[in-house]
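J.: Residue numbers (this note's numbering), protein chains in the order written: chain D, 1 to 76; chain S, 1 to 76; chain U, 1 to 76; chain R, 1 to 76; chain X, 1 to 76; chain B, 1 to 76.
Quick caveat, the hints were computed from the structure, so don't treat them as lab data. There may be inaccurate statements among the hints.
Computed footprint of chain U on chain S, listed as stretches where at least three residues anywhere in the stretch have a Cβ under 8 Å from a Cβ of chain U [claimed, not checked]:
| no. | segment |
| --- | --- |
| 1 | 6 to 17 |
| 2 | 34 to 48 |
| 3 | 56 to 65 |
Listed below are the simulated BS3-like cross-link pairs for lysine-lysine, each with C-alpha atoms no more than 27 Å apart in a straight line [to be verified]:
| no. | chain 1 | residue 1 | chain 2 | residue 2 |
| --- | --- | --- | --- | --- |
| 4 | B | 10 | X | 10 |
| 5 | X | 25 | R | 46 |
| 6 | X | 25 | R | 25 |
| 7 | U | 46 | R | 46 |
| 8 | B | 25 | B | 10 |
Glycine included, each C-beta is placed from N, C-alpha and C at the ideal position.
There are 6 protein chains.
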Amino acid sequence: MDYLQSLQCKTPAEGRQLAFTLARKSIAAIQTDPEVRNNLRLEYAKDTAQLIASSQVVAIEFQTIAMANNYWRDEE
Amino acid sequence: MDYLQSLQCKTPAEGRQLAFTLARKSIAAIQTDPEVRNNLRLEYAKDTAQLIASSQVVAIEFQTIAMANNYWRDEE
Amino acid sequence: MDYLQSLQCKTPAEGRQLAFTLARKSIAAIQTDPEVRNNLRLEYAKDTAQLIASSQVVAIEFQTIAMANNYWRDEE
Amino acid sequence: MDYLQSLQCKTPAEGRQLAFTLARKSIAAIQTDPEVRNNLRLEYAKDTAQLIASSQVVAIEFQTIAMANNYWRDEE
Amino acid sequence: MDYLQSLQCKTPAEGRQLAFTLARKSIAAIQTDPEVRNNLRLEYAKDTAQLIASSQVVAIEFQTIAMANNYWRDEE
Amino acid sequence: MDYLQSLQCKTPAEGRQLAFTLARKSIAAIQTDPEVRNNLRLEYAKDTAQLIASSQVVAIEFQTIAMANNYWRDEE
Chain D
1 MDYLQSLQCK TPAEGRQLAF TLARKSIAAI QTDPEVRNNL RLEYAKDTAQ LIASSQVVAI
61 EFQTIAMANN YWRDEE
Chain S
1 MDYLQSLQCK TPAEGRQLAF TLARKSIAAI QTDPEVRNNL RLEYAKDTAQ LIASSQVVAI
61 EFQTIAMANN YWRDEE
Chain U
1 MDYLQSLQCK TPAEGRQLAF TLARKSIAAI QTDPEVRNNL RLEYAKDTAQ LIASSQVVAI
61 EFQTIAMANN YWRDEE
Chain R
1 MDYLQSLQCK TPAEGRQLAF TLARKSIAAI QTDPEVRNNL RLEYAKDTAQ LIASSQVVAI
61 EFQTIAMANN YWRDEE
Chain X
1 MDYLQSLQCK TPAEGRQLAF TLARKSIAAI QTDPEVRNNL RLEYAKDTAQ LIASSQVVAI
61 EFQTIAMANN YWRDEE
Chain B
1 MDYLQSLQCK TPAEGRQLAF TLARKSIAAI QTDPEVRNNL RLEYAKDTAQ LIASSQVVAI
61 EFQTIAMANN YWRDEE
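Chain D extracted, bound-state conformation (with noise of 0.2 Å):
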């Protein structure tokens, strides 16, 4: 589980790379063969549905890594 050696994160931007990151790497936990995958992709990034759907899970891992990160409040 190379992509989550830690939370902490420089910036937002990079918390929500992270994010991102995390929300893929679930769906491969489950989904594990890439062919699969890469079909599966192809269809729900043409629902609407689904994609509001991703855009949550990646809405709530970022939560998690704002908190993690103080929200960067120090940065400023």
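Dock chains S, U, R, X and B against chain D, hints included.
T.: For chains S, U, R, X and B alone, kept in the frame of chain D given last:
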């Protein structure tokens, strides 16, 4: 990721705008073709279930931003 | 964004009203045509799945507002 | 909004009751016709997907109320 | 509401059990006929979408209970 | 409930593993027949909507675990 330099926003209204931006950019990060996104947008803006789901994503993003700004209590 | 000058509300009931407003305004921000919104509203108010989904958005918005007001504990 | 004078509840059970009330009143605030609501209720009480969605709304409302009451830790 | 005398649980496992109980009792509070519930249960236990939705309710209830118990940190 | 002796995890990666375990065990607690579960799993691993819903459950469970471990800040 120019839209996410900081979670600090001067006012609740500015925070709300950032919440909308984050939600919209999540969709754009998954469906990267702007023309496809425009077509999808026309559809889902007429579908209440998807409008409600979108507003839920905004609510979660806003919660994170509100926490980050200590709920703008100091502005009072 | 006149409806969101502050997250501070005098009472829980006022906070609840703000939660409803935020949820409704999110929809309006995505579907900007008021006539389309009115038609959609007539439909979804008869669809329990969507009523429940809407009430979930209100619950999340209210949680944020309640946090912002320290749960109105000082009013006791 | 007589049902929401305060988030303070004497016991967890009383807090749970308030969570049910809040969830129910959200529905009533959107679908204001009591007869329509009664008909809808008969339907969705037989639909597990909607029962589960309703119980999720209750869970979120209860989380807010539990936070407001400091989880009733002092009662122990 | 005998099952909710307190949110305090001795162990994380006990807290998890309470989360399952809360989720189940929410359903029972809305669909009050035990026979109807039994029939519904047989159906939804074969429907993965509903199993996943149920597990989300458990996750939210457990988060509240874990907060209430300070995540059982003191047990370590 | 051997998999939940504690919410304390040495690393974020270990915490993520626990989040997957909790999500999976919730399903197993509702659908207790392992053969039925295996069949269901084959189906939903090909259904993106359900993969996304599953990843949301993992995100919520992980948020609780991350809070419990103070986001592994002290490991830095």
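J.: Can you list which hints this structure breaks, lowest number first?
T.: none
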